[in-house]
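Generate coordinates for the entire structure from the input sequences, incorporating the hints supplied.
Protein chains in written order, with full-length UniProt numbering: chain E, 1 to 289; chain X, 1 to 368.
Hints were generated in silico from the structure; no laboratory data involved.
Since this is a predicted model, take the numbers as computed values, not measurements.
Check before you lean on any hint, since a few could be wrong.
Residues of chain X clear of chain E, computed beta-carbon distances all greater than 12 Å [as the list claims (entries may be wrong)]: (1) ILE119; (2) THR170; (3) THR181; (4) SER210; (5) ASN298; (6) VAL307; (7) GLU310.
Facing chain E, from chain X, some residues (calculated, C-beta under 7 Å) [unchecked claim]: (8) ILE144; (9) ALA147; (10) LEU155; (11) ASP158; (12) GLY161; (13) LEU273; (14) ALA280; (15) VAL309; (16) HIS313; (17) LEU314; (18) PHE320; (19) LEU338.
No residue lacks a Cβ here, since even glycine has one placed at the ideal position from N, Cα and C.
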Amino acid sequence: MDVIANQLFAGLSMASIMLMIALGLAIIYGAMGVINLAHGEFVMLGAYATWALQTYAGLGILPALPLVFVAVGAVGWVIEKVVVQNLYHRPLDTILATWGIGIILQQAVRLGVGAESRFVKGPELLSGNTEIGPLIMSNYRLFVIFFSIAVLWGSWLLMTRTEFGMKLRAIIQNRSISECYGIESKRVYSITFAYGAGLAGIAGALITPLFSTIPTMGTGLVVDAFLVVIVGGLGSLIGAATASVLIGEATALFSMIMNDTLGRIAVLAGIILLIRFRPRGLFPTETRR
Amino acid sequence: MTSRFHYDLVALVIFTVVIVFGVPALMNYDGFELNTFARYLALAIVSMALALSWGTAGLLNLGQAATFGMGSYAMAMHLKLRASNGLPDFMGWNNVPELPLIWMPFESLAFTLLAGLLIPAFVGGLIAIFMFRARIAGVFVAIITLAFLVAFQLLVIDQQGLTGGQNGLTGLAQLSLPGWTVDPYSMGFYYLVAGCLAVALAVGVYLTHSKFGLVLRAIREDADRTRFFGYNVATYQTAVFCISAALAGWAGMLYTMVLEFASPTYMGVSFSLAIVIWCAVGGRESVIAAAFGAIIVNMLEGRLSDVFVEGWHLMLGVIFVLVVMFMPRGIYGLLSELAAKLRRAGRQGNAASIDPSSKTQLETGQEQ
Chain E
1 MDVIANQLFA GLSMASIMLM IALGLAIIYG AMGVINLAHG EFVMLGAYAT
51 WALQTYAGLG ILPALPLVFV AVGAVGWVIE KVVVQNLYHR PLDTILATWG
101 IGIILQQAVR LGVGAESRFV KGPELLSGNT EIGPLIMSNY RLFVIFFSIA
151 VLWGSWLLMT RTEFGMKLRA IIQNRSISEC YGIESKRVYS ITFAYGAGLA
201 GIAGALITPL FSTIPTMGTG LVVDAFLVVI VGGLGSLIGA ATASVLIGEA
251 TALFSMIMND TLGRIAVLAG IILLIRFRPR GLFPTETRR
Chain X
1 MTSRFHYDLV ALVIFTVVIV FGVPALMNYD GFELNTFARY LALAIVSMAL
51 ALSWGTAGLL NLGQAATFGM GSYAMAMHLK LRASNGLPDF MGWNNVPELP
101 LIWMPFESLA FTLLAGLLIP AFVGGLIAIF MFRARIAGVF VAIITLAFLV
151 AFQLLVIDQQ GLTGGQNGLT GLAQLSLPGW TVDPYSMGFY YLVAGCLAVA
201 LAVGVYLTHS KFGLVLRAIR EDADRTRFFG YNVATYQTAV FCISAALAGW
251 AGMLYTMVLE FASPTYMGVS FSLAIVIWCA VGGRESVIAA AFGAIIVNML
301 EGRLSDVFVE GWHLMLGVIF VLVVMFMPRG IYGLLSELAA KLRRAGRQGN
351 AASIDPSSKT QLETGQEQ
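Shown next as structure tokens:
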């Protein structure tokens with residue numbers, strides 16, 4: 001029983017990390033249909049930015065978060081302006097272009113900072129564990145879980161309760177009519193892309209104490225995050241959250257029954273089946289395209 | 001249609017002559033250089049295989065590396081058995097007591113060659129039936145094949161006793177055909193690979209210009225309309241997936257012979273996306289252009305990594321982004337636009353030089 005409870009917590013922790021990464025991807029994919037394979041590299045940039053801030057400026061992870069959000073968001077904004085904006089009418093080509101951008105970012109970091117793994121200290125405040133009976137939970141992981149829920153809530157508010165969100169939803173529904181009403185869709189797209197990239201940056205900052213920070217860390221993450229987005233349903237925030245919890249818990253439980261690798265294979269097989277029978281995901285949004 | 005067929009035939013002949021006669025002469029018949037180039041040619045086969053499914057039928061298969069890996073492991077299993085007396089060495093390290101059942105038939109060369117083509121085709125066919133019966137299309141094809149690739153690579157790495165795990169299969173023998181031991185640094189081997197590529201391209205050109213290819217292009221443009229015409233779209237899509245997978249397996253077998261080992265990195269996400277890059281750079285609409293793209297990008301990689309030891313990967317990324325943005329149809333698109341422009345210019349030149357009465361005749365001639 002203890003083992004299962006601890007495994008469930010590990011799954012939840014994994015889910016919270018995946019949710020943080022997938023959220024930005026879901027917003028970008030849902031809003032503009034762009035499959036951003038450079039998203040993993042945004043996570044990597046966030047991790048390196050945190051490392052740099054801690055090493056050179058002595059900033060902890062938590063105070064670094066807003067800076068990382070702005071920095072990675074700015075990188076995303078530039079990439080959207082220079083590359084992605086020219087490819088909106090060719091969605092399959094965005095896969096290729098963003099993969100190329102991913103290579104560029106990865107190699108730029110490798111050349112600039114080096115290929116060796118970097119370490120970032122977790123915040124002192126959150127060291128230690130919380131124990132409830134036999135269940136042992138790392139405080140930092142608990143914090144990441146709550147933080148990811150907060151970010152999810154914040155993004156939902158942004159999408160549904162602000163003027164910006166309304167414009168974005170209008171564009172998703174019908175781009176040309178929205179433009180007739182005076183919404184600058186290009187500007188909204190740029191900001192949305194930057195916001196998604198910034199979220200990835202925050203995710204990167206938060207996972208630094210849990211993962212080793214290396215230039216190639218994004219490649220594996222982006223595949224997982226992308227599966228979360230597809231399973232959740234096109235651009236649905238609630239879908240992304242549900243899917244990340246499902247996939248995180250399923251991975252944790254299968255890993256306990258079999259071994260880590262076979263568990264992951266089983267989850268991938270499950271995802272393939274799900275896409276086959278529900279290609280629009282668990283929570284498809286009703287839009288006219 | 002027929003004129004395009006003629007262009008493709010001419011391109012095929014030129015391409016074959018260059019790789020069979022031109023390249024060895026350029027390389028001074030040097031064994032090492034030719035081995036490197038044979039590697040590019042093997043990769044050209046897998047790139048043209050992707051062009052068949054992606055360029056012709058519009059199915060972006062991000063899992064092409066999985067079928068490539070199956071072929072390469074089939075060949076490696078045969079060569080490993082030839083190299084070892086009894087049990088292969090890595091099985092001993094993994095406490096495998098006796099030769100597993102699925103390794104046994106790979107003693108036979110004929111079985112290996114068939115398996116290297118048919119197993120990928122079979123697996124590709126299963127995935128295709130699974131997807132296309134449900135009318136999965138577009139991005140979802142890419143995602144399902146990508147997920148399959150990741151799962152398959154994990155499985156291969158996990159089954160250490162059967163596959164050598166992370167190390168792959170090393171210490172392979174040289175392939176011995178009846179009366180010929182294939183040395184990967186010999187002229188004979190180069191001609192074998194070049195010949196295989198030429199045959200694969202001939203098959204590809206034939207398929208794209210046959211009625212089969214026409215239906216596939218129709219499906220790419222509008223699957224529903226093709227369905228309304230009474231074609232079974234899923235069957236056509238499955239067929240092209242099988243053929244593409246078999247060709248990828250064939251390329252994998254050759255690749256193992258070139259490098260003399262098989263590694264799970266052949267089934268990696270990066271490798272699979274690299275295949276897509278080659279195909280896109282060359283031009284996905286033509287199998288010959290896709291093969292050319294694989295050769296050009298890999299040659300460039302070889303040259304750049306010699307000159308810029310550190311930064312070549314970065315340059316490759318930049319080149320690729322530029323290609324996607326400004327040459328969406330690849331080198332092939334660039335050339336065909338140029339050809340169209342020249343033809344138009346030539347026509348205008350002719351029209352200006354002849355008198356108005358025959359000009360109307362010329363224009364009606366164009367309509368036909």
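Comparing the hints with the structure gives:
1. ILE119: Correct as stated: the minimum Cβ-Cβ distance to chain E is 19 Å, above 12 Å.
2. THR170: holds, 21 Å
3. THR181: The claim holds: THR181 of chain X sits with its nearest Cβ about 38 Å from chain E, beyond 12 Å.
4. SER210: holds, 25 Å
5. ASN298: holds, 16 Å
6. VAL307: holds, 15 Å
7. GLU310: violated, 6 Å
8. ILE144: holds, 5 Å
9. ALA147: This hint holds: ALA147 of chain X lies near chain E, its Cβ roughly 5 Å from the closest one there, short of 7 Å.
10. LEU155: holds, 6 Å
11. ASP158: Holds - the Cβ of ASP158 of chain X comes within 7 Å of chain E, reaching about 4 Å at its closest.
12. GLY161: violated, 14 Å
13. LEU273: holds, 6 Å
14. ALA280: Hint holds; ALA280 of chain X Cβ to chain E Cβ min 6 Å, cut 7 Å.
15. VAL309: At about 11 Å, which exceeds the 7 Å cut-off, the nearest Cβ of chain E leaves the hint on VAL309 of chain X violated.
16. HIS313: holds, 5 Å
17. LEU314: holds, 4 Å
18. PHE320: holds, 4 Å
19. LEU338: violated, 21 Å
In summary, the numbered hints that this structure violates are 7, 12, 15, 19.
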